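Following the hints, complete the assembly by docking chain B onto the known chain A.
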Amino acid sequence: MRPILMKGHERPLTFLKYNREGDLLFSCAKDHNPTVWFADNGERLGTYRGHNGAVWCCDVSRDSMQLITASADQSVKLWNVQTGAQLYTFSFNSPARSVDFSVGDKLAVITTDPFMGVTSAINVKRIADDPSQQSGESVLTITGPAGRINRAVWGPLNRTIISAGEDCVVRIWDSETGKLLKESEPEVGHKKPISSLTKSADGSHFLTGSLDKSAKLWDSRTLTLIKNYTTERPVNAVTMSPLLDHVVLGGGQDASSVTTTDHRAGKFEAKFYDKILQEEIGGVKGHFGPINALAFNPDGKSFSSGGEDGYVRLHHFDPDYFNIKI
Amino acid sequence: MGEISLNELEARADAAGIDLSQIDLDSIQLPPGDDFGIISDDEDVYQEEQMDFDYGLGNTIVVDNLPVVPKEKFDKLEGVVRKIYSQIGVIKEDGLWMPVDPDTHKTLGYCFIEYNTPQEAELAKEKTNGYKLDRAHIFAVNMIEDFNRFMKVPDEWAPPEIRPYVPGENLQNWLTDEKARDQFVIRAGSDTEVFWNDARHLKPDPVYKRAYWTESYVQWSPLGTYLATVHRQGAAVWGGASTFNRLMRYAHPQVKLIDFSPGEKYLVTYSSHEPSNPRDANRVVINIFDVRTGKAMRDFKGSADEFAIGGTGGVAGVSWPVFKWGGGKDDKYFAKIGKNMISVYETESFSLVDKKSLKAESVVDFSWSPTDPILALFVPELGGGNQPARVSLIQIPSKEELRQKNLFSVSDCKLYWQSNGDYLAVKVDRYTKTKKSTYTGFELFRIKERDIPIEVLELDNKNDKIIAFAWEPKGHRFAVIHGDSPRPDVSFYSMRSAHNTGRVSKLTTLKGKQANALFWSPSGRYIILAGLKGFNGQLEFYNVDELETMATAEHFTATDIEWDPTGRYVATSVTSVHHEMENGFNIWSFNGKLLYRILKDHFFQFLWRPRPPSFLSPEKEEEIAKNLKKYSKKYEAEDQDVSLLLSEQDREKRRMLKDEWEKWVSEWKRLHEEEKLLRLMLRDGEASDEEEEYEAKEVEVEELLDVSEEVLFEFGQE
Chain A
1 MRPILMKGHE
11 RPLTFLKYNR
21 EGDLLFSCAK
31 DHNPTVWFAD
41 NGERLGTYRG
51 HNGAVWCCDV
61 SRDSMQLITA
71 SADQSVKLWN
81 VQTGAQLYTF
91 SFNSPARSVD
101 FSVGDKLAVI
111 TTDPFMGVTS
121 AINVKRIADD
131 PSQQSGESVL
141 TITGPAGRIN
151 RAVWGPLNRT
161 IISAGEDCVV
171 RIWDSETGKL
181 LKESEPEVGH
191 KKPISSLTKS
201 ADGSHFLTGS
211 LDKSAKLWDS
221 RTLTLIKNYT
231 TERPVNAVTM
241 SPLLDHVVLG
251 GGQDASSVTT
261 TDHRAGKFEA
271 KFYDKILQEE
281 IGGVKGHFGP
291 INALAFNPDG
301 KSFSSGGEDG
311 YVRLHHFDPD
321 YFNIKI
Chain B
1 MGEISLNELE
11 ARADAAGIDL
21 SQIDLDSIQL
31 PPGDDFGIIS
41 DDEDVYQEEQ
51 MDFDYGLGNT
61 IVVDNLPVVP
71 KEKFDKLEGV
81 VRKIYSQIGV
91 IKEDGLWMPV
101 DPDTHKTLGY
111 CFIEYNTPQE
121 AELAKEKTNG
131 YKLDRAHIFA
141 VNMIEDFNRF
151 MKVPDEWAPP
161 EIRPYVPGEN
171 LQNWLTDEKA
181 RDQFVIRAGS
191 DTEVFWNDAR
201 HLKPDPVYKR
211 AYWTESYVQW
221 SPLGTYLATV
231 HRQGAAVWGG
241 ASTFNRLMRY
251 AHPQVKLIDF
261 SPGEKYLVTY
271 SSHEPSNPRD
281 ANRVVINIFD
291 VRTGKAMRDF
301 KGSADEFAIG
311 GTGGVAGVSW
321 PVFKWGGGKD
331 DKYFAKIGKN
341 MISVYETESF
351 SLVDKKSLKA
361 ESVVDFSWSP
371 TDPILALFVP
381 ELGGGNQPAR
391 VSLIQIPSKE
401 ELRQKNLFSV
411 SDCKLYWQSN
421 GDYLAVKVDR
431 YTKTKKSTYT
441 GFELFRIKER
451 DIPIEVLELD
461 NKNDKIIAFA
471 WEPKGHRFAV
481 IHGDSPRPDV
491 SFYSMRSAHN
501 TGRVSKLTTL
511 KGKQANALFW
521 SPSGRYIILA
531 GLKGFNGQLE
541 FYNVDELETM
551 ATAEHFTATD
561 IEWDPTGRYV
571 ATSVTSVHHE
581 MENGFNIWSF
591 NGKLLYRILK
601 DHFFQFLWRP
611 RPPSFLSPEK
621 EEEIAKNLKK
631 YSKKYEAEDQ
641 DVSLLLSEQD
651 REKRRMLKDE
661 WEKWVSEWKR
671 LHEEEKLLRL
681 MLRDGEASDE
691 EEEYEAKEVE
701 VEELLDVSEE
711 VLFEFGQE
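Residue numbers (UniProt numbering), protein chains in the order written: chain A, 1 to 326; chain B, 1 to 718.
In case anyone wonders, no lab produced these hints; they're calculated from the structure.
Careful: at least some of the hints might be erroneous.
For lysine to aspartate or glutamate, the following EDC-like pairs were computed, each having C-alpha atoms within a straight-line distance of at most 20 Å [stated by the list, open to error]:
# : chain 1 : residue 1 : chain 2 : residue 2
1 : B       : LYS663    : A       : ASP219
2 : B       : LYS92     : B       : ASP134
3 : B       : LYS600    : A       : ASP219
4 : A       : LYS106    : B       : ASP684
5 : B       : LYS448    : B       : GLU401
Quick caveat: nothing in here was measured; it's all calculated off a predicted structure.
Extracted from the complex, chain A is given alone in its bound form (with noise of 0.2 Å):
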């Protein structure tokens, strides 16, 4: 089917993300406003005003009814999905990169930045039932990895904490103690900054993208490397189906020399890969920008992704796409 292009976001997509219903579809972008559309039929809902940077990412929680931003600004905050009324505000003392919700909704785990001498860090945050007894405390701080850390999401029944970024490895940690558990041995894992991850349906297992130009499919519980997908060019962005056996991989070179090239030689295709075989099975272009974020529809009957160029791509798969085989 004909991709629903919407045009809402006047800076580079940063994050999607659907709810659990698989109704609605957050978008996060370097403009200051999350966004939320009717994952239908690609109509605008409403923006989450009160940021003052680039927002990276969000979590929505599994009720639909909170909204959790990490943006620039240095902060995290809580909105009420429906109104677009911010509950709470985490501040921190360098840009929040990431947020993820855990099983419940009780907690969050939220990544900083390095910054002005802060190294980076992980955060564990209780989030309290009634916004009005919110409290800023973190339970858990985490520090150790060099670099950004790109993403940080809950590990089975939230035990661990599952964390990627630049430093290219890919880390466990216990969640209760903020020890390390598991590391990615560097002979397996990604050899250049890990810049996305992504859990599938039931946890079990994560995708990471990095640019050196491959994903990799690994356990949850084991850190297993289980699958490798490579591609031509820096992955940016990662998903995968909830139903079929396919995953999706997004990027492009990089934004800086994208002027200077002809817009075919960047590809800014999401490419399709079977999830078992590790082939590549077919490709969805259409954006002029590289590929920032990719996300499937829970009930896995259609994707959405986000460009540099500022568009979100909303495509639902036509019925061939369900009978493929390779």
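Frame of chain A; chain B shown alone:
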């Protein structure tokens, strides 16, 4: 291994818990024959060629045969000597010493001069050795270092030790590959690798790999016997039966460019050096080596200006190769263009043919016939058009002019030889009457025919610009890209027409092609019309016998195209010279089927290993072509075996991957089930866990592959 800064080194040592100050670096001994990837600075230094730049007496010369003068004339003589030698370089302070006999106070007839640099000393030695001060005093100039060497010559001759004969390796071994595959070399990053092109298995098969094999580039010799590498100290060639061993080294400090003679008997090396006086042109050194013995046969030294006449581009104004080789594969002659002359040398004595250069007023370009000792040269219009431009063919060594053609109102000419030397095409750009623009035509010489007839060819549209021209190798056809740039036309011509072998005829014109380069198959018949660089790598595989397109394809941003020496496969590559995106190469079949694709970051070079010409006679080749079916039967069977094996392996691999995956999925399912209660608790008992359940859907797809009906005899009908 990249270079490590001291800080990084310290940081690394800290991380590993090593105290650097406690380590005696000199005590580290690497096992012999293994360098752990660390390149040693002194490993490849040629002992006999070692030059001391900073210390020693490398910058001092001894001038002999000076007049012997009494004390009164000492100052005058010193003045003369100083004047001569300070023209060449800067003499060090107190760098001129003329010893005097303590008894007679007369000079001894020699002096020492110390320069600032060894290069200046070398130059002074070269320029003034044999300098005639007057009839009785001819300077003999030597480096003081050489004296030590001369002193060591033993007085009595001792017979040299005769080394036992060691049979050499079969350098042609790669031609005996059972599967008749071809080799190629690639350079990516710091690695240089040689592969077999295993087209049947759709992948390259590694032969040899070496990091830091060369300091700038690699090059095959024209017949494929050697692979040449370029180093700071000189060039080297490699080859052999199974691995690439170093066969010979050619000392030439700072060598930049190399070139083989067509029969690969000689290697020409080139370097350019910064002059001591910045106003001077660079100093150029060219050496010619015998490839097999490594002996330097001749050197040419001079300022870059002397080597920069004619031609365009090249390094520092020198068009490479400076020397063009002629006389076919015998490597008999080589020539360079000079001001108003062409210097032709012969390899028997490495001196000028007839001891003098070929006079040719204002000559700007020349080229050799690829097979015969015939030179074609082009002289532009002189005297504002009073004297016409001229293309002439000259036989070597007789220097007899075989044919000449005068051309009027010419702006430029380009010479294109057909690979057998049968034809020469001269592309002539002429001014229109107004002199404001030019148009192009061709003069076609039939070299092998009596009196060398010339035919003039004009394009259908005279004003079309010529973008590319290429002869069919060993054939009688040529292709021209002409017209305006975004979508030019491609035309094919034959030197024969249907009824008359002596007339050129047009075969066809293809309109509006996205092409700017032509690549004929080395065996002729097929050609690739390519749109490189600006045209983003459009490829059209065209059959000129049938005048039909076999395939169109694209290798996006392709920069280079090379046919394998047999004309079976084509490599297209994207090198990192232009940009870093999608570096790597594709291998195609001759008819445009993509066989495999390899991506390599920092990809610099792809070169097929050339093959020597076939030993088969033309008659035999024709016979094989006629009975190809018979000959190819054996290979077809082999191909089928391989493809069956491949699909079998492929199925097996897929099955394994699926099984492995299933194992993971069932494990996850089990754990997920186990953790269900705990997860419910985390969600305060909210039960809707259902969407996370695995949906094990069995989808059965029936495909109708084939329907066949058979009538069976009913029982008892017989």
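Hints and how they fare:
1. B:LYS663 <-> A:ASP219: Distance ~12 Å between B:LYS663 and A:ASP219 Cα, so the pair holds.
2. B:LYS92 <-> B:ASP134: It is violated: about 27 Å lies between the C-alpha atoms, which goes past 20 Å.
3. B:LYS600 <-> A:ASP219: Violated. B:LYS600 to A:ASP219 sits at ~29 Å, over the 20 Å cutoff.
4. A:LYS106 <-> B:ASP684: Status holds; Cα separation ~10 Å.
5. B:LYS448 <-> B:GLU401: holds (15 Å)
Hint compliance for this structure: hints 2 and 3 are not met, and every other hint is.
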